Amino acid sequence: GAGVSQSPRYKVAKRGQDVALRCDPISGHVSLFWYQQALGQGPEFLTYFQNEAQLDKSGLPSDRFFAERPEGSVSTLKIQRTQQEDSAVYLCASSFGVGISSYNEQFFGPGTRLTVL
Amino acid sequence: QQQVKQSPQSLIVQKGGISIINCAYENTAFDYFPWYQQFPGKGPALLIAIRPDVSEKKEGRFTISFNKSAKQFSLHIMDSQPGDSATYFCAAGKAAGNKLTFGGGTRVLVKP
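Heads up: the protein sequence lines correspond to chains U and P, in order.
Take 30 as the starting number for the first sequence in this note's numbering and just add one per residue.
Take 469 as the starting number for the second sequence in this note's numbering and just add one per residue.
The hints are all genuine.
Examples of chain U residues lying across from chain P (beta carbon under 7 angstroms, computed):
hint : residue
1    : Gln70
2    : Asp85
3    : Gly128
4    : Ile129
5    : Ser130
6    : Ser131
7    : Glu134
8    : Pro139
Here are a few chain U residues that sit away from chain P, every Cβ distance over 12 angstroms (derived from the structure):
hint : residue
9    : Gly45
10   : Asp47
11   : Ser91
Pairs of lysine-lysine residues, derived as DSSO-like cross-links and limited to a Cα-Cα distance of at most 30 angstroms, are as follows:
hint : chain 1 : residue 1 : chain 2 : residue 2
12   : U       : Lys40     : P       : Lys567
13   : U       : Lys107    : P       : Lys562
14   : P       : Lys562    : U       : Lys86
15   : P       : Lys567    : U       : Lys107
16   : P       : Lys473    : U       : Lys86
17   : U       : Lys43     : U       : Lys107
18   : P       : Lys510    : U       : Lys107
19   : P       : Lys510    : P       : Lys567
20   : U       : Lys40     : P       : Lys510
21   : U       : Lys86     : P       : Lys567
The set of hints was computed from the structure by calculation and includes no laboratory data.
All of these numbers come straight from a predicted model, not from anything done at the bench.
By construction, the Cβ of each residue, glycine as well, lies at the ideal position given by its N, Cα and C atoms.
Just chain P, same shape as in the assembly (with noise of 0.2 angstroms):
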């Protein structure tokens, strides 16, 4: 059971442009919802996340914008570098649980 559904697979963007990567999951006793970064042969790598108490999130080139009502989170990456090309994902999770489940993943491109 996919809970947490991730799109797009992939996208290309010019340097400095916006990468938009979008998140819905279905479980509404989720409480946590965080944006992991993945560079090939790494493991994941927490980058920014968000309580559904807030409706968005900054930090520096990243923000996070959450719709409660929806179901949805988004991952907003400003003035795209080169050095952002990796894999993103999305995850959920229940604050005073112990897992965490996450999207199928997003591979961004980001060409000079």
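Okay, chain U solo, but in the shape it has when bound (with noise of 0.2 angstroms):
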């Protein structure tokens, strides 16, 4: 595709719930980021995969949250018994390479907007 695309747009869970939010990064892309962004607020950092491998989950807020990218392509964010606070708009990026610079530009997708009832 021409852009980094998620799935599903919108996802309403009741407290306790499990959810899977899907990513397609650019095609090639060897970087993948997950951002959590809260109503009002700047998007917070949660994992980065180079590839398949998972290089950094410090962002993750919890044992609750947990990432994947199998197959160093498509990723899926899982998070489990979902609360109340994990409402936002979760949000995947892709770059070419690795590092960060102008010339490794983050491509953003649209996000998933989770509300947790």
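Could you fit the two chains together into a complex? Lean on the hints.
Right under this line is the structure:
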């Protein structure tokens, strides 16, 4: 595809349910990032993949959050036993290479808006 | 820990005016400072970025000013247009790293 896509775009879950959010990065992009954006706030880093390797998961808020990218392309962010404080937009971004620079721009998807009731 | 502080939270500017957004950071190891533009329902998109070895960078109507000693940087939008109405985020990161730290965002409204 032309850009990063995410599905579903909207997800409503009852507290305690498990959810899975999907990210399709730009084809060939090595790096993949997940961010959490609370309402009216800036994105906050969750985790980073370089190909299939999860090199940084320092931003995951609890052990209920789990991410994978088994074949180095599509990634899934899973949240177990969802809580109301998990309500946010979850953004996925990908970049061609590694490192952070204007030459390795992070392209963001539209996000998945998760609402936990 | 909020490592990047952004102000103001919102601003209203007349068409043709100048929008100024300020950010301050704490981590002196940061060496990459991008600005992102986000429209409702969309993900952030890179607008312009600067490295600390320069004090100013201009791309079209957008200019970043950088003050390393004060650990501050700002975005100036010249000749603001209604299409510039969006939320703007500053961010900071380490070029050799893998994560960006974002400010809280500034909602800009340009009145025609």
